[in-house]
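Undergrad: In case you want the letters, here they are:
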Amino acid sequence: MYDIRALYEAQTVEEALALRREHPGARLIAGGSDLLIKIRDGKLPDAELISIRGIDSLRGVSLEADGTVRIGPLTSFTELTRDGIIKERLRVLADAAGEVGSPQIRNIGTVGGNICNGATSADTASTLFALDAKLELRGGSGTRLLDIAGFYLGAGRTDVRENELLTGILIGRESWERCHGCYIKYSMRSALDIAVLGCSVNLRLSADGAHIDRLRLAFGVAGPVPSRCPQTELAFAGAPLGEDTARQLARSAVSELSPRDSWRASRAFRLHVAEESAYLAFCECVRRAGGAI
Amino acid sequence: MNDRQFKHIRCTINSRAVDAMVDVRASLTELLRGEFALTSVKHGCDVGECGACTVLIDGEPFNSCIYLAVWADGKDITTVDGLAEPDGSLSPLQQAFVDEGAIQCGFCTPGLILTAQSLINRGEPLSDEELRRELAGHLCRCTGYENIFKAVRRALDESLGKKG
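Chains as they are written, first to last, in the numbering used here: chain Y, 1 to 293; chain R, 294 to 457.
Since the hints were made in silico from the structure, they are not lab data.
Where is the CB? At the ideal position from N, CA and C, for every residue including glycine.
Careful: at least some of the hints might be erroneous.
Computed far set for chain R versus chain Y, every beta-carbon distance over 12 Å [to be verified]:
| # | residue |
| --- | --- |
| 1 | ARG303 |
| 2 | ARG309 |
| 3 | GLY375 |
| 4 | SER420 |
| 5 | THR436 |
So, partial list: chain Y residues that the calculated Cβ filter (under 7 Å) puts toward chain R [as the list claims (entries may be wrong)]:
| # | residue |
| --- | --- |
| 6 | MET1 |
| 7 | TYR2 |
| 8 | ILE4 |
| 9 | ALA6 |
| 10 | LEU7 |
| 11 | GLY32 |
| 12 | ILE37 |
| 13 | ARG53 |
| 14 | SER102 |
| 15 | PRO103 |
| 16 | GLN104 |
| 17 | ILE105 |
| 18 | ILE108 |
| 19 | ALA191 |
| 20 | LEU192 |
Next comes chain Y alone, as it looks inside the complex (with noise of 0.2 Å):
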């Protein structure tokens, strides 16, 4: 038996706000492979839950009017990878999401609470940064809208204020049309383990198909929380294809992060992996953009 002192089931986002004010101590549960988990090793005790899984409006995704696509945050990290709208625009974020765990933990955990957990780890969040993803968080007084990056407030931490609900993750057409992602995740093992570090690259070619026009290069596991290359991707942009260019941005990317040594990996290490997966993830959008280098 996990160790749950209550639990309350929201049907809609109404019902869950209106629990979340009734309820102000108790914490929200999506999927659970999480939460569970540390409920079974102890760290919350007496946990009191309210469940979002019933809420079927938060579940799947659409393409609104303007060319964003709409993320429901309940939608499951299988659901992603088997997406039309996704597959088509956002093959990066499918293939991130099928980076997670194993089919069991894909069927279970959900994109929204892949990143409202906070973990820097969290193989969806690099690639919803480089994304430019927006957030859409309802709370008793309307609804607000925050770029992602602003979301992290530091490891484990998010911006989830007190009565509100993460309502859907919004990524705009600029960041999907003729762009072309690739996200890498090294780990010791392929499957049901933790990113020793995530990289994952947007990128949009001129209109001649020989320079950069568009770079986004974001990594997890390079500081407490995902990360962005603010100074490479401004440095790069206009810059013409080829093996210096890949090089240069790649060694230029890791100036920018801060990874930690930990258990799992040194810090030394990481930077290695990064300034690789940064290569390798970079020449790897420029194929699927119909290049070469």
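Given chain Y, put chain R in place with the hints provided.
TA: Structure of chain R alone, referenced to chain Y:
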């Protein structure tokens, strides 16, 4: 805490409609083993890594150890007990496990067979690499996996061949 919280749920287990009063603290593993005596659902790592507790929920494999029993309300659940014919004869997939020597201690077997059955039900061809990925959520400490892989490969190919 004195007042334990319970919820009345209805679900289908191995094609049989059932209902139960469920302790909100219970995992689906505990419900299936404790209330329904389905001890083919193995109590393994309890943290969603070993796959021994895998069951099918609406046709997809889930680790029942990290699935709250109350979430089973309205779901269609299959354990390995639901795969054999009514007369007890084995399903083609189960027979393939026997024929390929894919079973040693048997602890991982029910979960693996259920995940494999979900792939057969999906009816899509899979490369060897894709098939290995689909089976990656199960740990086996005896067989070294090769015979398990052969059994699933054979059963999947045969089911696809029949459909084709």
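Undergrad: Determine for every hint whether it applies to the structure shown.
TA: These are the hints, each one checked on the structure:
At the 12 Å boundary, the C-beta of ARG303 of chain R stays outside the reach of chain Y, the nearest C-beta of that chain being 15 Å off. With a least CB separation of 23 Å from chain Y, ARG309 of chain R remains clear of the 12 Å interface cut-off, as annotated. Under the 12 Å C-beta cut-off, the non-interface status given to GLY375 of chain R relative to chain Y holds; the minimum distance is some 18 Å. Every Cβ of chain Y is farther than 12 Å from the Cβ of SER420 of chain R; the closest lies at roughly 15 Å, confirming the non-interface assignment.
For THR436 of chain R, the shortest C-beta to C-beta distance to chain Y comes to about 17 Å, beyond the 12 Å cut-off, and the non-interface label holds. Satisfaction of the interface hint for MET1 of chain Y is found here, the shortest Cβ-Cβ separation to chain R being roughly 4 Å, below the 7 Å cut-off. Of the supplied interface hints, the one on TYR2 of chain Y holds, with its beta-carbon coming within about 5 Å of a beta-carbon of chain R, less than 7 Å. Hint status for ILE4 of chain Y: holds, given a least beta-carbon distance of 5 Å to chain R, under 7 Å.
Interface restraint check for ALA6 of chain Y: the shortest CB-CB distance to chain R comes to about 6 Å, inside 7 Å, so the restraint holds. For LEU7 of chain Y, the shortest C-beta to C-beta distance to chain R is roughly 4 Å, which falls under 7 Å, so the interface hint holds. Given the 7 Å rule on beta carbons, the hint for GLY32 of chain Y holds: about 6 Å separates it from the nearest Cβ of chain R. The interface hint given for ILE37 of chain Y is met, as the beta carbon of that residue sits about 5 Å from the closest beta carbon of chain R, less than 7 Å.
A least Cβ separation of about 6 Å between ARG53 of chain Y and chain R falls short of the 7 Å threshold, and the interface hint therefore holds. Hint status for SER102 of chain Y: holds, given a least beta-carbon distance of 3 Å to chain R, under 7 Å. Against a cut-off of 7 Å between C-beta atoms, the interface hint on PRO103 of chain Y holds, since the closest Cβ of chain R lies about 5 Å away. The interface hint given for GLN104 of chain Y is met, as the beta carbon of that residue sits about 5 Å from the closest beta carbon of chain R, less than 7 Å.
For ILE105 of chain Y, the interface hint holds, the least distance from its beta-carbon to any beta-carbon of chain R being 6 Å, beneath 7 Å. A distance limit of 7 Å between C-beta atoms decides the matter here; for ILE108 of chain Y the minimum to chain R is near 6 Å, and the interface restraint holds. The closest approach between the C-beta of ALA191 of chain Y and any C-beta of chain R is roughly 3 Å, which is under the 7 Å cut-off, so the hint is satisfied. The closest approach between the C-beta of LEU192 of chain Y and any C-beta of chain R is roughly 5 Å, which is under the 7 Å cut-off, so the hint is satisfied.
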